[in-house]
Amino acid sequence: NAGVTQTPKFRVLKTGQSMTLLCAQDMNHEYMYWYRQDPGMGLRLIHYSVGEGTTAKGEVPDGYNVSRLKKQNFLLGLESAAPSQTSVYFCASSYVGARYEQYFGPGTRLTVT
Amino acid sequence: RKEVEQDPGPFNVPEGATVAFNCTYSNSASQSFFWYRQDCRKEPKLLMSVYSSGNEDGRFTAQLNRASQYISLLIRDSKLSDSATYLCAPSASKIIFGSGTRLSIRP
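Quick mapping for you: the protein sequence lines, in order, are chains A and B.
Position one of the first sequence corresponds to residue 6 (my numbering), numbered consecutively onward.
Position one of the second sequence corresponds to residue 4 (my numbering), numbered consecutively onward.
Covered stretches of chain A, as calculated for chain B (at least 3 residues, CB under 8 Å):
| no. | segment |
| --- | --- |
| 1 | 46-60 |
| 2 | 109-116 |
The list that follows gives simulated cross-link-like pairs (lysine-lysine, DSSO-like), each with its CA atoms no further than 30 Å apart:
| no. | chain 1 | residue 1 | chain 2 | residue 2 |
| --- | --- | --- | --- | --- |
| 3 | B | 48 | B | 97 |
| 4 | A | 62 | B | 5 |
| 5 | A | 62 | A | 76 |
| 6 | B | 45 | A | 14 |
| 7 | A | 76 | B | 48 |
| 8 | A | 62 | A | 75 |
| 9 | B | 82 | B | 45 |
| 10 | A | 62 | A | 14 |
| 11 | B | 45 | B | 5 |
| 12 | B | 97 | A | 62 |
| 13 | B | 97 | A | 14 |
| 14 | B | 97 | B | 5 |
| 15 | A | 75 | B | 48 |
| 16 | A | 19 | B | 45 |
| 17 | B | 97 | A | 75 |
| 18 | B | 45 | A | 75 |
| 19 | B | 5 | B | 48 |
| 20 | B | 48 | A | 62 |
| 21 | A | 76 | B | 97 |
| 22 | A | 14 | A | 76 |
| 23 | B | 45 | A | 62 |
| 24 | A | 19 | A | 62 |
| 25 | A | 76 | B | 45 |
| 26 | A | 14 | B | 48 |
These aren't lab readings, by the way, just hints derived from the structure by calculation.
No residue lacks a Cβ here, since even glycine has one placed at the ideal position from N, Cα and C.
So here's chain A without its partners, still in its complex pose (with noise of 0.2 Å):
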């Protein structure tokens, strides 16, 4: 049981490439979330998901796309990357029978130049 998954650990992306982040869970949680944080700031959500095929926009959404296709998985779009999006991004899974107690993966760190 390996929980939540971040793939990749660390990246670097000049500015105006494209990338996804993938975060997989194999505890069949119906919620999962990205997150980013920037240094020394709290958990901003990004977009989040309460079922396959479903997403919706959190509190930063904007340079970002999302799609869940899969129940396990929780990809994270940037179409054209930026220096502002610059961060360590988190993603999360969580279930309702447990009050929405998330369970986080290790993060990505990304750097934009």
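On the provided structure of chain A, position chain B as indicated by the hints.
Chain B alone, transformed into the frame defined by chain A:
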């Protein structure tokens, strides 16, 4: 007003001291809450859940004040290993976190 607000600190206290910090929330419909602990450059991990008026787990006590819309975290007999950032979040399908309170325990 932000949905969830926390005193950013840092709180710098000596080992063995008792320390408490609050988290205020704006959504009066929130039924339960979480405190997470985050170590430097690591993912947050659940510390405590608060479903009713409060919860106690060893040296940690979380209390909920619905009338004033805040939750508190009390740490007794603090240890060096308690140094971390503490994040609070109301339970909901769309989970918004506070910005976190940094705690540093000195020898």
